[in-house]
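*Asks:* As a plain string of letters, each chain reads:
2 protein chains.
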Amino acid sequence: MSRLKGFQDLMPAVMEVRWRIIEVVVQMGKRSGFKLMDTPTLEYYRTLVGDNDLGETIKQVYRFTDGGGRDVGLRFDLTVPFARFVAEHQHELIFPFKRIQFGDVFRGEKPQMERGRFRQFCQCDFDIVGVDGGSADAEVVALAYTSLQALGAGEFTIALNDRQITLALVRRLMPKLDAVAMDKVLIAIDKLAKVGRERVLASIVTITNAQVAAVEELLALLTLGDQLPLSEYSQAGVQERWQRLVSTRAEILAMSGGQPHEVVIDLAIVRGLGYYTGIVFETELRAAAELGSVCSGGRYADLVSRFANKPCAGVGGSIGVDRLAMHLAAQSASPPTTLMLAVVATTAREYAYQVARDLRSNGIAIDVDVSGKGLKQQLRYAHRQGYRKVLIVGSKEADTATVTVRDMETGTEQVLDLQELGGILALLHK
Amino acid sequence: MSRLKGFQDLMPAVMEVRWRIIEVVVQMGKRSGFKLMDTPTLEYYRTLVGDNDLGETIKQVYRFTDGGGRDVGLRFDLTVPFARFVAEHQHELIFPFKRIQFGDVFRGEKPQMERGRFRQFCQCDFDIVGVDGGSADAEVVALAYTSLQALGAGEFTIALNDRQITLALVRRLMPKLDAVAMDKVLIAIDKLAKVGRERVLASIVTITNAQVAAVEELLALLTLGDQLPLSEYSQAGVQERWQRLVSTRAEILAMSGGQPHEVVIDLAIVRGLGYYTGIVFETELRAAAELGSVCSGGRYADLVSRFANKPCAGVGGSIGVDRLAMHLAAQSASPPTTLMLAVVATTAREYAYQVARDLRSNGIAIDVDVSGKGLKQQLRYAHRQGYRKVLIVGSKEADTATVTVRDMETGTEQVLDLQELGGILALLHK
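Those sequence lines, one after another, are chains X and H.
The first sequence lines up with residues 1 to 430 when you count with my numbering.
The second sequence lines up with residues 1 to 430 when you count with my numbering.
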């Protein structure tokens with residue numbers, strides 16, 4: 001009997017990284033006034049999928065009838081249950097409501113485990129709802145920035161866009177496109193970074209029958225960023241949207257302390273079609289572009305109208321915890337506990353425990369032997385765990401209030417009194 | 001459309017407490033060399049309930065057929081999936097394996113929400129497997145102790161027992177009891193603290209038809225603790241078990257730094273019948289005895305034989321996170337974020353963000369206005385959130401590198417430069 005296909009056991013080395021990600025993002029979120037909340041893993045099936053949505057998502061929902069005959073399902077993201085939460089508690093919550101939530105979600109899709117795609121995976125979402133305006137957008141993107149920076153994720157780029165601007169560029173050069181063709185063009189544009197300019201050019205020509213020169217002009221415009229000849233785009237709202245995007249970017253930089261090259265405008269970012277109605281963003285790790293975006297999101301005009309009688313706008317981001325963990329695990333493989341205390345005489349156990357207690361209460365992690373086996377076997381255990389130093393305590397050490405410290409790499413040992421020990425361990429923890 | 005009956009939305013005030021419990025227990029566990037791990041929420045139904053178990057548990061399991069026709073269920077505790085985990089990864093794990101795990105479990109029982117019993121609730125388990133011996137027992141109980149102490153749970157008592165000793169006491173005074181009556185007597189004894197001496201006495205007399213005097217002698221022995229006339233108990237192993245219990249208690253005190261009255265032997269602790277084979281323990285909060293035990297556990301001779309071909313002994317404890325959270329939430333209702341930054345001029349926003357960034361990067365939590373509304377409305381928001389101080393930044397403050405600090409209780413305001421501000425906030429965070 002083993003675990004279900006597509007599901008993962010989180011071994012200590014992996015779980016350690018996942019925990020650190022959650023802990024850091026929650027800490028950074030709380031520093032910015034985001035409040036932790038959670039919703040149940042199970043919801044009414046109708047809550048999860050609504051009445052109309054007949055897309056791919058439905059097939060992926062774990063759906064069943066519970067013991068009370070209710071049609072229920074496991075949450076497949078942290079957004080839909082949050083919408084139900086906001087609607088249900090709208091009179092208790094204080095708006096603007098800044099939430100942060102982490103938790104597992106479930107999708108019965110074909111697992112691609114080697115690519116880090118499982119049927120159960122962890123997300124960490126943060127949103128500000130009940131408010132419109134670039135400052136909320138900036139706060140959300142800045143939280144993504146400070147979290148990744150605090151995690152030591154290496155160099156990364158956050159790319160911002162407002163899809164309405166991209167739409168306006170396409171429309172001006174190809175005014176006769178119908179809605180279906182327009183959607184296809186936007187989807188093709190979104191692949192620019194992934195498949196390259198030539199393939200996107202070919203796709204758009206096929207979709208639109210446009211002249212190659214026109215498409216080339218479009219693609220050139222999309223990469224101009226803040227050099228855009230805005231005066232030519234007088235359509236309703238486009239210039240305003242552009243100004244807002246530029247000023248949101250400035251606010252993000254002020255709030256996060258990020259450098260201009262780390263937070264950029266990229267008019268080719270589209271991110272799906274239905275959901276977002278304002279700013280959208282994606283985050284790429286310089287050293288792991290193949291992972292795709294590790295943190296994405298955007299602004300939506302309405303979260304809750306399915307559940308409540310008035311709309312509620314918001315902006316949010318989501319960190320792919322498992323995806324990010326793959327990168328961080330590859331980066332740092334050192335075990336979190338690096339010390340062990342070996343006890344080689346039963347009579348020394350009480351002294352040993354006092355030493356361990358002192359260290360632990362000073363924040364130092366130390367694994368104490370509980371096997372009662374001989375020193376050789378205790379050292380073998382320490383070696384397998386990857387511990388760097390073993391403190392050895394026998395009756396001699398107990399009588400003289402000392403410990404013998406063995407360096408696991410060199411095999412050298414030295415006897416230290418407890419004061420000296422503190423100094424050594426402080427060094428080890430630097 | 002609302003949430004399912006028996007399930008809870010975790011509002012920020014509650015989730016904050018849950019998070020703190022998990023964070024502290026994980027931190028204390030890691031300091032003692034426990035390793036974080038996790039298993040999927042879904043398992044094969046047969047993994048969860050085995051072939052023979054036809055008890056109450058089965059009816060409570062959320063069971064369904066997944067999209068691939070598999071018979072699956074939601075985990076109802078963190079022990080059974082851990083047994084599957086240990087068996088499946090026995091060649092990768094390093095024994096003794098010390099695990100710590102937190103997560104939600106699911107039981108389709110009748111919810112009693114006012115008593116904190118939900119269909120989905122959070123557990124935090126820690127175990128040491130692959131080892132026998134009192135030192136592992138002591139490490140597990142010491143982790144319970146240090147966690148509750150670090151959480152500021154107030155005064156508490158950890159009560160220890162080895163059920164075999166209780167069994168020997170009963171058997172000596174009532175040698176003719178059959179197995180069924182013996183189980184009933186043990187269950188009656190376990191209720192001693194809850195229902196009182198008189199009712200237990202009456203129960204046992206009814207079950208056994210014994211003389212009242214004999215039962216009175218039994219109940220007197222059960223409360224003697226370490227004054228037990230051991231010489232009269234020469235049955236195989238009883239004296240050894242008693243010695244081991246006494247020495248485990250001493251190890252717990254050495255390892256945790258606890259006082260003798262905080263870790264006691266209580267021969268009336270039984271804790272169910274089938275599972276534990278050595279030490280058992282329970283933890284009662286002095287100020288919230290009505291909650292029942294907030295952390296319980298014990299030693300088991302075998303965890304994995306259902307899943308593997310050799311047994312694996314261990315010892316473990318489990319913290320009832322939701323139950324403990326009810327107590328801690330009642331205790332401390334202060335919001336984690338206590339500061340807000342109000343921005344009263346668009347031109348001051350960049351300066352405001354820099355102030356917020358400085359504070360946050362020094363570990364101070366501050367909620368920044370993102371509404372863009374007037375000061376009055378921003379102050380109203382701060383009041384509703386329970387924030388204690390509001391830093392107000394307008395163009396005057398931006399020009400002079402100052403902030404106006406408003407005390408929300410008294411309404412007084414003072415203008416501080418950024419250096420002074422640091423001092424004030426340090427005070428606030430003490």
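Please note: incorrect hints may appear among the correct ones.
Identical copies carry no separate label here, and so any pair may be met within one copy or between two of them.
[Unchecked claim] Each computed BS3-like pair below joins lysine-lysine, with the alpha-carbon atoms no more than 27 Å apart:
1. Lys5 / Lys59
2. Lys30 / Lys176
3. Lys389 / Lys376
4. Lys194 / Lys396
5. Lys389 / Lys5
FYI, nobody ran anything at the bench for these hints, they're computed from the structure.
*Asks:* Confirm or reject each hint.
*Replies:* Structure-based check of all given hints:
no.	hint	in the structure
1	Lys5 / Lys59	both (17 Å within a copy, 25 Å between copies)
2	Lys30 / Lys176	neither (49 Å within a copy, 63 Å between copies)
3	Lys389 / Lys376	within (14 Å within a copy, 59 Å between copies)
4	Lys194 / Lys396	neither (65 Å within a copy, 48 Å between copies)
5	Lys389 / Lys5	neither (39 Å within a copy, 52 Å between copies)
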